[in-house]
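Undergrad: Listed below, chain by chain, are the residues.
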Amino acid sequence: MTQMLSRRGFLKLSSTAAAVASLSSIPGTLGAMEESKKHYKGTTKFTPSICEMCTSSCTIEARVEEGKGMFIRGNPADKGRGGKVCARGSAGFNQLYDPQRLVKPIMRVGERGEGKWKEVSWDEAYTFIAKKLDEIKQKHGAHTVAFTARSGWNKTWFHNLAQAYGSHNLFGHEATCPLAYDLAMDDIFEGGVSRDFAKAKYIINLSHNVFEGIVISYARQYMDALAHGAKVISLDPRFSTMAAKATEWHPIKPGHDLPFVLAFMHTLINDNLYNKKFVEKYCEGFEELKASIAEYTPEKMALECDIPAEVIKRMAHEFAKAAPKALFDFCHRVTLTPQELELRRAIMMCNVLVGAIEQEGGYYLNKSAGFYNKYLGESDAKAPVLKKPKIPAYPKVEVPRIDRIGEKDSEFFLAKKGNGIVTLIPKATLEDLPGVPYRLHGWFIARNNPVMTQANTETVIKALKAMDLVVVYDIQVSDTAWFADIVLPDTTYLERDEEFTASGSKNPSYGVGRQKVVEPIGECRPGWRVAKELAEKMGLGAYFPYQDIEDYRLQQVGDNIDLLAKLKATGMASFGVPLLLQDKKSVAAFVKKYPSAASKVNEEGTIDFPHKIKLFSPKLEAVSKKGALSYEPYKYKEADELYFINGKSAVRTNGHNGNNAWLNNLLDDAAVWIHPKTAERLGIKNGDKIDVYNKYSTQKGKALVTKGVREDTVFAYFGFGHISKELKRAYGKGVNSNSLYSPLVSPNSGMNLHVVGVKVKKA
Amino acid sequence: MAKKYGMIHDNNLCIGCQACNVACRSENQIPESVYRLQVWVKQEEYPNGGLGYEYHRQSCVQCENTPCVSVCPTHASYKNEDGIVLIDNDLCVGCLYCVAACPYQARYVHPVTKAPDKCTFCHESRLARGEEPACVTVCPTDALIFGDLNDPKSKINKALSERVTYRQKESLGTQPKMFIVPNHKGGIRS
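Protein chains in written order, with my numbering: chain A, 1 to 763; chain B, 764 to 953.
If we strip away everything but chain A, and leave its shape as in the complex, we get:
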């Protein structure tokens, strides 16, 4: 049943006077549209889809009701997430009908960052972009335009456009978030690994605050583990919600997690706590690893990380005892050291050393269709592999990428081309990088907000201002769009269909991508359409051989119409039974289901790993002499400065939804946490207005005096202090943490660093 929800009805029922008063008249926004165009269609039946309020991509479903609006909940078919959503997910409806969202293309008419815009038609927008891209191609080469797209779906469309145009400078947001651990697992395991938190008996967690930076499945699993009596150790300079729920909280010194992990590993090896049989049978490089960490005794490292040696040793002993149900969480944002790659590798190796891999309560290898099918016998039905439309070969680019991925000697060789080192873009625009014979002249940014999410905001803005062309595709005039030449209105996730997805955990799984819950509002268009139409305008239509998203999906499933129907109806599908290679019960169940897989089972009733697990990296050794592990002390701050660290709040993300009315009302100006003793020394009282400053920036905030942070540290939630004046609710409120961070691009991982020195004074 299709329902109509009128704009007038929505306003009456929702924010009433406040919303009417704040109706925006920025060209191109929903608030500036004529009343007659604002009718929305939807369905009272729940439509399964995927959330996009952050990048966790949780499964949801949503319905629209006459005169009521929308209700979003988790998809109950997804057992891992239990049909749940967080506050951000629940607030998606508010984003959909936000008067400040963009629903028509706009073009800059003033200076970059001046906020002067005019509405243009899509055709005018495409014509402008095509002309500018062609000019840059003629003058500097197509490769001087960088294309950044947020993870997943948008990459499919805009990275295809980039390569068809002739640029190989493709990026995602990864180097500001998860990249180091992705690289670490690729190096150690030759593929992705996941964490079986729920079944673990002992978990070590380094600032991975899943109860505020919520991934629904992780939050539920951690809570499950705690409910079942697991011991959770939180090492975090701040008393986070995770620290509060954990069995033990140890306020580790900011930036000094690696010495802790090395000392922990030292104990595992020197106290003979590691699983010798596992290491001998499945690993290589143990002797090199052992030699490389010999000097990092708990006694020495305790002085670095501020965790007593006996505590480190106790934890290592407890951890080994709990194995294989032991889990050293490799964590997620924030980055804790310039040695991010070493840190994440070291963490993962701790799990390897105790053999807590491919068993319940440890790590397991992600089993996509290709991986899973390898273990099936010849006569078994195989997990379906999604197809991609055939496209012509891309034009060849003769020069290296800015991150030199693809070159033999690139320090970032572990990174995938579609991820790239996005943090290098400002540098590659403003200065000559070694081995890169050009500078960047254009930046095409789809649903990414580097002005908010990359460290050292000033450099990012400087680079944007130096570009010949900046195109931003977003649902709002984001902080990055604020500096764009042209802003194209994206659909919100509730208004678009997306390509199907395939992934794997313990067995292969498939997702519907996103499904439309309501018709697109105004003139916003989905990514698959914008990239295709722009390509057609540029004479590159052959690279987009699909009519629409429905046609694309049909090409993905081939003749597997059952899969298509199941995905559309329930939002998800899986294949086979869960498989843990080192778990006898799991292997037995797998063989029962697939009898011809019996030939793969070893004499112990388990299945051998497909590759040796690497405790030493010959490739990293060859490129950077970093095959083993080492600790290189780093000067984060001056003696008279405090450490500044940040973390995620449960009610907003870094770059995207700070302006959401419902979320912004919950926390619009996050305070800076400061220890009572430090506050007293500086003459600061709770609630005081303060300046947080260093050589990069001065940020205005207010103080929260609390024992929940170390004396030598101040903490702030990230995603505050928005820069775009078109984000009227969030503009200028709170401390913008990335403004204070250095422009460092960490060796080998390309990650930004989220620890820096600051001073604090009463404003």
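Calculated from the structure, these hints are not laboratory results.
Beta carbons are placed, not taken as given, at the ideal position from N, Cα and C, and that holds for glycine.
There's no promise every hint is true.
[As the list claims (entries may be wrong)] Below, computed lysine to any residue pairings styled on SDA-like, alpha-carbon distance capped at 20 Å:
hint, chain 1, residue 1, chain 2, residue 2
1, A, 762, A, 712
2, B, 805, A, 688
3, B, 805, A, 110
4, A, 707, B, 804
5, A, 685, B, 807
6, A, 685, B, 805
7, A, 68, B, 797
8, A, 707, B, 905
9, A, 677, B, 808
10, B, 805, A, 686
11, A, 707, B, 797
12, A, 702, B, 805
13, A, 390, A, 360
14, A, 68, B, 894
15, B, 805, A, 668
[To be verified] Examples of chain B residues lying across from chain A (beta carbon under 7 Å, computed):
hint, residue
16, 790
17, 795
18, 903
Using the hints, position chain B against chain A.
TA: Just chain B now, with coordinates in the frame of chain A:
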């Protein structure tokens, strides 16, 4: 037999994420300036020197013995057959006695209807079609348990038999149907 709806808020499972708060707003079209439900997060220092967070669900506790109904001169405030305290806007004269009488500060004046409003356990929007209240539906960590206290087999009765609970301001004799599992970190263990 009539139903008697109640709810448990487990402080050990609650993470203060406000998913309940926003889901309530979304489902019940609560104007931005007011709320039916919030979770107040407070940092505590326990007697043993440890730190913790206490989570307080600020919302109607659905009393059995209801001051808000007792003071209402027009019977606009009433308790329905399932034990849920509701407001009939047509009978309300806007005297706001109920707002003053509520010991839990659970009522506010709706800026559009000008009548008092508060949590109804989603009686009108969800219970009628067999759905749980919006807050319970979305809670990421299952910190909320909802059900029929008259049904011995209900989830809520099972949980009440296994967990230590208390109710706010029990001494007032209001007999709330909102049960709270205290934080074990504070020293209480069931």
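Undergrad: Each of the hints needs a verdict: does it hold here or not?
TA: Now for the hints, and whether the structure bears them out:
{"no.": "1", "hint": "762/A to 712/A", "verdict": "17 Å, holds"}
{"no.": "2", "hint": "805/B to 688/A", "verdict": "19 Å, holds"}
{"no.": "3", "hint": "805/B to 110/A", "verdict": "47 Å, violated"}
{"no.": "4", "hint": "707/A to 804/B", "verdict": "15 Å, holds"}
{"no.": "5", "hint": "685/A to 807/B", "verdict": "18 Å, holds"}
{"no.": "6", "hint": "685/A to 805/B", "verdict": "18 Å, holds"}
{"no.": "7", "hint": "68/A to 797/B", "verdict": "18 Å, holds"}
{"no.": "8", "hint": "707/A to 905/B", "verdict": "29 Å, violated"}
{"no.": "9", "hint": "677/A to 808/B", "verdict": "16 Å, holds"}
{"no.": "10", "hint": "805/B to 686/A", "verdict": "15 Å, holds"}
{"no.": "11", "hint": "707/A to 797/B", "verdict": "31 Å, violated"}
{"no.": "12", "hint": "702/A to 805/B", "verdict": "18 Å, holds"}
{"no.": "13", "hint": "390/A to 360/A", "verdict": "40 Å, violated"}
{"no.": "14", "hint": "68/A to 894/B", "verdict": "17 Å, holds"}
{"no.": "15", "hint": "805/B to 668/A", "verdict": "18 Å, holds"}
{"no.": "16", "hint": "790", "verdict": "5 Å, holds"}
{"no.": "17", "hint": "795", "verdict": "5 Å, holds"}
{"no.": "18", "hint": "903", "verdict": "5 Å, holds"}
Going through the hint list in order, the structure does not satisfy hints 3, 8, 11 and 13.
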